[in-house]
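K.L.:
Please take these sequences and the hints and turn them into a complete structure.
Here the protein sequences come in this chain order: A, B and C.
Under the working numbering, the first sequence has 72 at position 71, and the numbering climbs by one with no breaks.
Under the working numbering, the second sequence has 99 at position 89, and the numbering climbs by one with no breaks.
Under the working numbering, the third sequence has 22 at position 16, and the numbering climbs by one with no breaks.
These aren't lab readings, by the way, just hints derived from the structure by calculation.
It is possible that some hints are incorrect.
Claimed, not checked - Footprint (simulated), chain C over chain B, 3 or more residues, beta carbon under 8 Å: (1) 35-43; (2) 143-156.
Claimed, not checked - Interface residues of chain A toward chain C, partial, derived using beta-carbon atoms under 8 Å: (3) A127; (4) A132; (5) L133; (6) T134; (7) R143; (8) L145; (9) L147; (10) N201; (11) W204; (12) E206; (13) R207; (14) G353; (15) L355.
The beta-carbon is built from N, C-alpha and C at its ideal position, and this holds for glycine as well.
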Amino acid sequence: MQRETARPMFDTDELVINMGPQHPSTHGVLRLVLKLDGEKVVDCDAVIGYLHRGVEKLCESRDWTQIVLITDRMDYCAAATNNLGYVETVEKLMSLEVPRRALYIRTILSELQRVASHLLWLGTHAADIGALTVLLYGLRERELVLDLFEEYCGARLTYNCMRIGGQPADLPEGWDKRVLRFCEIQEQKLPEYEQLLTSNRIWMERTTNVGVISAADAIGIGLCGPPLRASGVARDVRKDEPYAAYAEMDFDIPIGVKGDTYDRYLVRLEEFRQSLRIIRQAVEGLPEGPIMGKVSRMIKPPAGETYHAIEAPKGEIGYFIASDGKSVSPYRFRVRPPSFCNLQALRQLVRGHLIADVVALIGTIDIVLGEVDR
Amino acid sequence: MAEAVVFYIFAALILGFAVLVITAKSTVHSVLFLVADFLCVAALYVVLQAPFLAVIQVMVYAGGIVVLYLFVVMLVNLKRPPELHADPRRLGRLGLVMALAVFAELAAIGAYGWLKPSGFDGSLDSKNIEQVGRALYTDYLVPFEVASVLLLVAMIGAIVLAKREQ
Amino acid sequence: MTEAVIFPLIKIVIVLAAVLATVMYIVLLERKVQAWVQVRLGPMRVGPHGILQPLADVLKLFVKEDITPVMADKWVFTAAPILVLVPALIAFAVIPFASNDMKLFGLPISGRIADVNVGLLYIVSVASLGIYGIILGGWSSNSKYPLIASLRASAQLISYEIAVTMTLVTVIMLAGTLSMVGIVDAQARQGMWFAFMQPVAFFIYFVGGLAETNRAPFDLPEAEQELVAGFHTEYSGMRFAFFFLAEYANMIVVSAVATTLFFGGWLQPFPNVSWLWWLGIVPGWMWFCTKTFMFLYVFLWVRATYPRYRYDQLMRLGWKWLIPLAILNVVVTGFLKVLLKG
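P.N.:
Structure follows, in structure tokens:
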């Protein structure tokens, strides 16, 4: 039969649909312009900037210590690692020596932050696909972490918990025991999430082979963090360029095989376990000593520029700071946010998938608009 | 007596709805009147003590066939307004021919029934299902199978036609 | 004469009142059950432990402004919610709540509104009429997206109806009658509920029931994640309440039918075990209600546990798995019935 006569009678033309910026599933104010052919997504254009607050310009008129507060608010779900990235970059610029106790405390806080961020990711990702209960379970455990942070630095979301040269305060009495207790509780709860999701046939059907990215593509797009590792690339800043106390910690990095949504889910789930492992080692090996290095009250880095990256829960967060040696503010403050770079992959990910998958794919690359837009 | 009254009421409803089907301005209204029509026919079957036929009428006709009509009408309605379908010139000739054909068919069935009565004892209700089932699978087995194959061919044809080039 | 008219009328009033009250409280129960699964409490403020919440919800829906879109077809727009709710309610006419020969104040009362000898088919046909309300609801909003959403929802319903009807065929084969009362009596005669004789059919029926009532995990047409608006977007106030009520009433119908067909209706469990004789003291309608509530609870439980199927996966499950399985079940049952005849 000729192709011509077999053409369908109804012509479905390409639709352009707008998703967001207000939408329950876009994890913030993200606007997606989707081009559909029937049910399949042909192309997708992300319109960002709805949460742009001019962070980088703001920092040019704040002094070095005040900027720590601003970094809190970029990836507001993982403020501690934002803080850490910034203070380490400035310490690198100033060639500051940070005492060991402070490094250990920083490691504990970073890994606790990773657990909290992944719990939120797990809850929202599962809720988007319809497993509403996991959201509540994730938030329940996240409350415990937020309580720990609140004891340490007084805040639940925007911690401001690190200083250039060390830590602002020492650990409260018994805090380390409470952290170990949290690790126990979390280890018991992880099988609950697995039971609800990992071997659930509906979950597997919604996530396997959805949004496959090969290793070569992942490197080409510039992915980082769990999406990169799920595609099979063994890159983790904690192992490749250790910072804080990671060089002294014993842990593994989970690597995926296929690079689909299910793999990204498994990678992050395993990262839970590794984070708890690191926390335990850090708490048990916590050295005594000062928590603040030799640093003057007025921070004045010498003229120069440097770039430093750490492994935030969402990926590799990098800071480029240029100082002119004279003023109390940086000359140029630039962030390389992991969410922004991972968002570039969305276009390739959604091609050929259905609308219902778009929501799963936004969840799987784990973006926070505060970081994307700054 | 009561039966006759009920019969005439439903018969009037059926005819009334049928007229409305043809004269309704909106196609969707037309289809809905058809549903109401079929429901009244089902009620008539109940009055005639054939409850099995009544529920089958509702299930197959009102609940299946007309739903598909409705699908098509709604999707087609989206693109073209009803005015484009109207063509007063064609209605006359074609309609007359079809009406004559239908009359001829009814006459043939009536004659056949008059010439060869089925020997039916007229008592239904509790044995309605068995009677229908027995007749369908013994006396009328060949037409039944032919109808099934016809439906299957139609289904496959529809799927082939609607399948898009991958 | 009175028996033919007055008694059924009274029974209709009782059943309707009971069903509507149950629907209202199922909504509350769903919120509570889901909350307790999710380590929360659910509604707590309106009345002790939120008991009066449904009344507050009903009152709110009553006083909401009734918005009719300007370009919508007025008749169809008004008719759609009614067309959704009525089939769900009239299905209760043939469901046996209790045994046939009860005595109330010395008067013989049968435990159902009507005993039609095609009762099961009646329920199926009434269920197939329920599709109209959904299609018309989407169409009368006069916009492309709700229409497509409603067509998808109705396509889902139709697909799963086929599998469900196939399972009913096996029940009919076992019971030898289409009458609901007859099916319960057949289970009493066999001494075993049909769920144990036809586990596959029961499973398919339940999954199909989940899909037919648009409940999780088959509720994608209703979820917010679907970009196309759901089929009841344009409805507000009492009209929306009807759609909502109809969904829960359908749930109750599916549960009640499952109870009657597979779990012995109003029969007590273990009638032959002598030391469980005290189970017979509980009246038949209480057993019926208990079993129906158990099924409703499973509906709610499933919603709190499973993620959603994508629409194409849902259709694939229905057409490629459930229907062949149901047909196979019919064939096997037929063979066994002929082989084990007598």
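K.L.:
Are the hints correct? Go through all of them and say.
P.N.:
For each hint, the structure was consulted:
1. Counting residues of the stretch 35-43 of chain B whose C-beta sits closer than 8 Å to any C-beta of chain C gives 4, which meets the bar of three, so the coverage hint holds.
2. Counting residues of the stretch 143-156 of chain B whose CB falls under 8 Å from any CB of chain C gives 0; the rule of at least 3 is not met.
3. Among the interface hints, the one on A127 (chain A) holds; its C-beta lies about 7 Å from the nearest C-beta in chain C, closer than the 8 Å criterion.
4. Taken as an interface hint, A132 (chain A) checks out: its beta carbon lies about 4 Å from the nearest beta carbon of chain C, inside 8 Å.
5. For L133 (chain A), the interface hint holds, the least distance from its beta-carbon to any beta-carbon of chain C being 7 Å, beneath 8 Å.
6. Among the interface hints, the one on T134 (chain A) holds; its C-beta lies about 5 Å from the nearest C-beta in chain C, closer than the 8 Å criterion.
7. About 12 Å separates the beta-carbon of R143 (chain A) from the nearest beta-carbon of chain C, more than 8 Å, and the hint is not met.
8. Contact between L145 (chain A) and chain C, as hinted, is not supported at the beta carbon level, the nearest pair being about 13 Å apart and thus beyond 8 Å.
9. Violation of the interface hint for L147 (chain A) is found here, the shortest Cβ-Cβ separation to chain C being roughly 16 Å, above the 8 Å cut-off.
10. For N201 (chain A), the interface hint holds, the least distance from its beta-carbon to any beta-carbon of chain C being 7 Å, beneath 8 Å.
11. The restraint placing W204 (chain A) at the interface with chain C holds, with a minimum CB-CB distance near 5 Å, inside the 8 Å limit.
12. Restraint check, E206 (chain A) versus chain C: the minimum CB separation of about 5 Å is within 8 Å; hint holds.
13. Checking R207 (chain A) against chain C: minimum C-beta separation of about 6 Å stays under 8 Å; hint holds.
14. The beta carbon of G353 (chain A) is not positioned within 8 Å of any beta carbon in chain C (closest approach about 13 Å), and the interface hint is therefore violated.
15. About 6 Å separates the beta-carbon of L355 (chain A) from the nearest beta-carbon of chain C, less than 8 Å, and the hint is met.
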